[in-house]
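Required output: the full structure, derived from the provided sequences and hints.
Quick note, the sequences are listed as chains F and S, same order. Under the numbering used here, the first residue of the first sequence carries the number 38, and numbering increases by one thereafter. Under the numbering used here, the first residue of the second sequence carries the number 38, and numbering increases by one thereafter.
Be aware that one or more of the hints could be misleading.
If several chains are the same, the list does not tell them apart, and a pair holds so long as it fits within one copy or across any two.
[Claimed, not checked] Here are the computed lysine-lysine pairs in the DSBU-like style, where the Cα-Cα straight-line distance is at most 30 Å:
no. : residue 1 : residue 2
1   : K75       : K115
2   : K40       : K52
3   : K40       : K119
4   : K55       : K119
5   : K144      : K282
6   : K74       : K144
7   : K74       : K115
8   : K144      : K115
9   : K144      : K119
10  : K144      : K75
11  : K115      : K40
For the record, the hints were derived by calculation from the structure and aren't laboratory data.
There are 2 protein chains.
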Amino acid sequence: MAKRTYFEKLARAQKRNKSLLCIGLDPAPEALPTPFKKRDASDIARFNRAIIEATADLACAYKPNWGFYEALGVEGLKALEKTIQAIPGNIPVILDAKRGDIGNTAKAYARGLFEVWGADAVTLSPYMGLDTLEPFLEYEDRGAYVLCLTSNPGAEDFELPNRLYLRVARALAERDSRRNIGLVVGATQPRRIQNVRKAAPDLPFLLPGVGSQGGSAEAAVRGAWGDRPGSVVVNVSRSVLYASKERDFAQAARQAADDFRHVLQQAIPRTCSRSEKPCESELTPAT
Amino acid sequence: MAKRTYFEKLARAQKRNKSLLCIGLDPAPEALPTPFKKRDASDIARFNRAIIEATADLACAYKPNWGFYEALGVEGLKALEKTIQAIPGNIPVILDAKRGDIGNTAKAYARGLFEVWGADAVTLSPYMGLDTLEPFLEYEDRGAYVLCLTSNPGAEDFELPNRLYLRVARALAERDSRRNIGLVVGATQPRRIQNVRKAAPDLPFLLPGVGSQGGSAEAAVRGAWGDRPGSVVVNVSRSVLYASKERDFAQAARQAADDFRHVLQQAIPRTCSRSEKPCESELTPAT
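Shown next as structure tokens:
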């Protein structure tokens with residue numbers, strides 16, 4: 038039997054938990070709830086475990102961002118290791134590392150993130166070109182979300198001029214022979230999400246920027262929706278992690294996650310945009 | 038007294054060692070010389086220490102690439118920590134991590150790489166825009182080399198069309214009010230190096246791609262040369278690290294480094310290209 042791919046694993050988790058919600062595990066020591074007194078790497082690992090345990094039936098993926106762990110040195114990366122181990126095996130781990138490098142270095146990154154750190158999918162930067170992505174794409178059972186359009190003001194500097202973001206989307210749509218490429222598309226710009234969907238009709242999207250960053254979940258999901266299972270996953274970080282800074286933080290995170298889950302489920306188009314078939318086979322709306 | 042900046046530290050090391058050579062510490066376990074039997078992270082740290090001890094009077098900087106350490110998990114990153122500690126304090130460490138992320142994440146990366154991991158300078162990706170670089174630039178005494186034109190075939194995909202690489206160069210030249218920005222410019226394309234030098238007359242360049250990647254050192258240095266101290270640093274990795282696979286590996290690395298050092302010194306223009314003043318005050322040619 039062929040190994041399940043990342044996108045199959047994602048689609049199953051989405052169906053099982055009736056959820057498009059990915060929870061971003063981006064914990065900063067100074068932002069931890071008050072019960073965490075030490076605010077060190079071991080507190081980060083304990084906090085993440087509590088968040089994962091409180092939300093594992095509500096999320097379709099977890100996305101730790103490498104930067105928050107690297108910032109705490111070797112101890113921080115041990116906390117990342119523990120965090121990934123705490124994520125149930127049937128929920129995929131998207132390791133948000135935005136890697137991009139050439140030749141042997143790209144191979145080392147791919148081998149490390151997938152085989153050693155245990156990522157089901159990673160995020161990558163397209164700047165240096167398609168050959169820098171190839172070592173990741175050779176892992177057919179894993180996923181590679183490539184930066185396309187981001188939700189920060191700096192998107193105006195290089196992504197938008199000459200429609201670089203759409204050229205990235207088209208180039209990756211062409212390159213997706215193994216069906217393991219996705220795009221990172223900021224959720225704050227619904228009209229542009231639709232542009233990307235037109236440029237890459239068949240690629241799955243990872244949408245960050247909902248919640249603290251102010252993106253409208255509904256418009257984003259509608260604009261991004263595609264035919265493929267796992268075509269949309271929406272990341273929320275701080276609005277879930279820090280729903281309460283007090284002892285009830287895990288319960289509050291659960292409530293916030295469930296609220297997001299419902300909003301996202303409601304945003305799923307009732308008929309698939311292009312095929313005009315009912316979507317129930319892919320994903321059952323929240324009840 | 039103001040703290041010495043990265044580029045001042047680099048220029049001093051270049052003058053002291055009469056060298057433009059940066060040695061890339063990119064060790065893969067399978068490539069280690071035969072005396073390293075275990076080929077694990079501790080061997081990597083021992084190998085790096087031997088290379089550093091053999092070349093510390095010939096190099097102006099060392100550049101460990103994060104990917105090779107990350108690939109070995111937490112133990113690999115401990116080897117990176119030990120490697121950085123083994124580099125003499127008067128030779129700058131360029132941590133080649135090609136980071137690029139938004140807001141709080143970028144801040145975490147900058148704090149981590151500079152304050153926790155001990156980098157004097159880092160490499161960054163410009164794709165997501167100038168605001169993603171700002172948290173690094175706020176460290177006025179450190180350096181940020183931003184990817185501009187790279188030496189891999191994939192440069193044709195996004196860097197070259199619409200001259201993105203020149204727009205990146207111009208945008209960063211404008212942004213360099215703190216004089217702590219440099220550009221990564223692949224050494225394999227001398228004519229294009231000259232284009233970047235015109236677009237960013239005053240920015241220092243980090244030139245990878247010499248040695249294994251086949252770039253001509255001489256043409257690259259001439260094209261890249263600028264008026265500022267530290268305006269050019271040339272990275273060589275494998276051709277130094279693996280000059281011999283036998284017991285004499287450190288001695289062979291020293292010889293290879295010295296050969297590169299001489300070639301690079303010979304390539305320094307005898308008069309500064311724009312100011313037409315002799316360059317001796319900046320850097321004394323090899324004798």
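The hints, checked one at a time:
no., hint, result
1, K75 to K115, "both (16 Å within a copy, 23 Å between copies)"
2, K40 to K52, "within (19 Å within a copy, 57 Å between copies)"
3, K40 to K119, "within (25 Å within a copy, 38 Å between copies)"
4, K55 to K119, "within (26 Å within a copy, 47 Å between copies)"
5, K144 to K282, "between (41 Å within a copy, 22 Å between copies)"
6, K74 to K144, "between (40 Å within a copy, 23 Å between copies)"
7, K74 to K115, "both (19 Å within a copy, 26 Å between copies)"
8, K144 to K115, "both (22 Å within a copy, 20 Å between copies)"
9, K144 to K119, "both (24 Å within a copy, 23 Å between copies)"
10, K144 to K75, "between (37 Å within a copy, 21 Å between copies)"
11, K115 to K40, "within (28 Å within a copy, 33 Å between copies)"
Consistency note: the structure conflicts with none of the earlier hints.
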